[in-house]
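Engineer: Residue numbers (our numbering), protein chains in the order written: chain A, 1 to 342; chain B, 1 to 354; chain C, 1 to 540.
To be clear, the hints were calculated from the coordinates, so they are not data collected in a lab.
Idealized CB from N, CA, C, for every residue including glycine.
Don't take every hint at face value.
Said to hold, decoys possible - To be clear about the criterion: a stretch of chain C counts as covered by chain A if any three or more of its residues have a C-beta under 8 Å from a C-beta of chain A, and this derived list gives those stretches:
| # | segment |
| --- | --- |
| 1 | 241–254 |
| 2 | 488–500 |
| 3 | 504–514 |
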Amino acid sequence: MRFHCIHKVLLCSITLGISLLSLPPLSFSDDTLVVYSGRAERLIKPVLDAFQAESGITIQMLTADTTALVNRLGMEGERSPADVFISNDAGTLERARELHLLQAVDIPGIEGAIPQPFRAPDNSWIGLSGRIWVVVYNTTLVKPTEITSILELGQPKWKGKVAIPSASSVYLQTGVSVIREIQGDTVTKKFLQGLKDNAGTSVYGKNRQIVAAVARGEVAVGLVNHYYINRHLDEHADAPVAQLLPDQGENGMGIVLNAAGIGITAHATHLAQAKALVQFLISTKGQQMFASGNKEYPLNASVDAAPELVPLKSFQVANVPLARLAELRDPTMTVIEHVGLR
Amino acid sequence: MTNEPTHDKPIVLELKKITCSYDSGKPAVHEISFTANKGDIICLLGPSGCGKTTTLRAIAGFESVIEGTVLLDGNPVADETLHVPPEERRVGMVFQDYALFPHLCVNDNVSFGLCHLSSDDRRHRVEEMLALTGLSELGQRYPHELSGGQQQRVALARALAPQPVLLLLDEPFSNLDPDMTYKMRGELHQLLKNTQTTAILVTHDHEEAFTMADKVAVLHQGRLEQFASPETIYHLPASRFVAEFVGQADFIPGEIQNQVVTTEIGKLPIPKDYQGHHKVLVMIRPDDIELCINATQGAKIETRQFRGSENLYGIRLPSGHLIHSSAPSTQCHKLNTPVEVKIIATHTVLFEQT
Amino acid sequence: MASANPSLTLTRLRIHAPSPLIIVAFILTGLITLPLLYVIFSALTADGAVWQRLWSTRIPELLFNTFSLAVSVAVIDLILGVSMAWIITRYRVVSSTLWDWLIILPLAIPSYVLAYTYTYLLQRNGPLEQAWQIVAGSDAQIFSPFSFAGATLVMSLNTFPFVYLLARSAFKNFNISFEEAARATGASRLSTFFRVSLPMIRPSLIAGLFLAILYVASDFGAVSMLRFQTFTYAIYQQMTGRFDNTAAACLSMVLVFFAFVFLLGERWFRQRSRFYQTTGRYRKPIPQACSPIQNLCFTGYLGMVIVAAFGLPVYLLIQWTLDALAAGDLSPGLIGYVGNSLFLAGITATLAIVIGIPLAYLACRKHTWGSLLCIQGAYAGYVLPGPVAALAVLVLITQLAPALYGTVIVLLIAYLVHFLPVALQGMESTLQQLSPNLEEAAKSLGARAFQTFSQVTLPLVRGGFMSAWILVFIQCLKELPATLLLRPVGFDTLAIRIWLEASEELYQLAAPPALLIVAMTTPVVLLLMKKGSQPVSRNG
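Assemble the whole structure, with the sequences as input and the hints as a guide.
Structural biologist: Now the structure itself:
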């Protein structure tokens, strides 16, 4: 009896296989917009759903690592099904532009909505939300006056007291790029070496875990994107964690600021729909969902950030243009690998 | 018939009514008793499934005994409650397939059981055993690089190396070519005798048992049918089964009258102690019969098998019975030749007609 | 070939031209090894600076990590697998048949699912640490899941059934005469085990370890979840962290090189161990009864391992799934993901068998340099890390057959490259057990090659081939890196969903697809086990 079963299974599978081979390439109906997204699906999906509901445009999304998506776009070339590319890192967007993977587009009202430093000169990518790299500290263990610069976290004083993100974190990479650009490689390497020694095993894959570790008092301080602190406080209002903005003042290098953004791909087949999505995202509603909802800074100046955030204008930001981040990436990776951060 | 003076040699092995059984509950071996004296070679002979291997394994300790006692060197090693594990019995065993460890070379195979010796002594002993078995050149080889005969010698050397009190051989020749078997039988016999090894050998081949054994134990359906010297087994079988199993035997009816049994082919004296029924079957071996050409008797040669040194004739008696006769192959009779048969037996074996 | 005098032509052809089998095998091997060649090409043409950078920053550490992980996992697998196999085959433990089924279940859990449950279990102040603190005091700490110990634990729990399965069948088919021979010469039970039983099943153990080590070396899911820097994870990091794949290709080449050396070593060993097969009468080992204390110890031991490797993770998955259900977080697309997973796995497994037939046949029957080259080439895909295999396939396809781009076919090709060796291994060993005499007998009776194959060989190896099919099927269900990189838009599989949710540490959301994979793989694994416990063939 089993004999027959096996044959049936084999036969069915073979038939399936042959029918599959004769299938045309998967294609989507004309108004389906294909989105490559390097942003966590949990964050971007509700926004896209809202757009879909409002515009009636169906969306297919592919979520993956942001750099991998650029590589994929590059390899796919003109056959790429992607229409837009969303990334959490302006450097990656700029890199995609340099590789001619994005196209310059004319979005009505873009000048008024998103200020210049937050979009490519030709609008081939447009920043949507800003995030800053800050120090999270445990309010019972550390006084805010103890830290003035991120670089201090590499000093022996903090041994065993720092939590850092893993080397594959794009936030860490951006931060290191900025520090390198301002301080030079020698200082950066010394800082990273110290950071590595101080952190020991407190290397986390997720910023969320760093904030949690600081809140539990396992470590005194950590390096995170600002909104993870706000999210933690939303869930645990009495958690002893607070945000510290380092490197302020006259000689300070300023805070590392990065932007998440969107670009329309060079070979987009649904240009109109793609533009509609961009317009939705820079609109007040889109900005509120995309940025404010996640406690990030909306880059449309007319949209208010979440009230608990320190106003974007009130602190000093490191003077490294977002576009520079693209070319800094590879040498930064080498420095990180050289120091041996994991 | 050779009553060797075995009784003055010490007893090495004694089985007292041992019974073994497999899980099925049916006894595989039932109340078997025999003894082996120092230096004896004893063959357990019987058809497959008769319990001979089970008996051997019970002696080795691989099967437990549910009744009876096994004594080795006078010490009980197995009975209803006692079971000395095989490694403590000091019994050597040569397996039917030799079971040479394929991952070890000849030297290591032979020295396997010599862990208790110092490495010098061990090497010495291995060399000695290899020399004894004529394997001195092959110490570094692996089992798969040896011929069947060589493998058997390694198995033998391995079993003998720890100087066991008793050597057990489970059908040691069954994996060899016939001509190799012949040669190895001789070698093994000589080796066992030279080393004064007490050995129990399991076989289903009566010729093998006869060439090798001092005593043969014939087993049938788990019971011991007869335990005696090869000659006795052949000439004075204790049962019809034994008679037939150990060689060509014909049975012709006869009747006892006046201490003489009368058969179709002549009269024979009856054994002194025979007290059975007067209707009997007389066992006739081919070598008990002599032929001469005689047209008047009504017996005819029906078959002939050439066996090298002799011819085996099948003769149809006028009554319809077939008996066999062996004759030197220097003389040759054609089929259908009328012949006269004469009995030249020195002793008569009778079984009751059933 | 169909000429007037076929026998004459064939004889002549055989001298001048290679047999069609060889040609087919060469073509298939060529297609399968193309991605590998691409990787080697990119690595060799890489800038010297890239190599230098990698040598000074990554390669020594990665070599050390990968080797030490493989070795430690191998040792633990050996201890777990052999001891469990020994208990199951040599003792009549209470409900030993049930245990026999249970021990294999960890194979149904993908490595990344096990890893993600253990990141929860082993986290600071997590369940295991709290349990440990009850024993060892409130300050006691347990090792982090993101460490060598964590990776070793997860990988060992995931791979020990490989060693168990092979050790079990070796112990079960062990000719007990060897053990008896050892004991007759005075060796104790223990000494017999270490001096005879264990060395004699060495070929099976090596085969099991080979599987486990290759699994460790090519695993991506668990090490990336646990952020343990092995080659596969580093390669993926290079690919996703940098804008060109040269560094990834270089690292891949190093890994592939070592894997090749390893493969050749294994093959050499297998060739040698072929002599270990014994002739003669086979006597089966009979399990012995155990005392209540033995029963308790054995049951406790087996139970502990299975709870750690299967029970606890599955319990967590069920718990989380229920939580997700209660919160209404269940993804509506789940059925679609199931369909995608089954579809891909089924097709790949079938294709792998069909393609594997000529290769396996060649490997078993024609021992030439050409066939050795073919089979080793086909095996290469197994060690070509999933991410790189995927990428290479993508590039090749966009260059050679761009029309195929954007279809599932690209993914299928990557799967085939990656999993053909799994099929091959099973098929090859099945074919090896089949005496060539049978085929020769068929040929002597006038059957043509195809007829011989379909009427004699195929019916006899059906069971083994089916097992190979099932193995590929399971592997495909669980496949992660290639799917991550190659899936067409909107074609997520269950594995992808688990990965996406679990890497955000959304335990509850990752649990339903993980539970589904486990639920689908479990019966398949059990079926495999059932087939495996039957004698494959009865020759000799």
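Engineer: Determine for every hint whether it applies to the structure shown.
Structural biologist: Evaluated hints:
1. 241–254: holds (count 5)
2. 488–500: holds (count 5)
3. 504–514: holds (count 3)
Against the hints set out earlier in the document, no violation occurs for any number.
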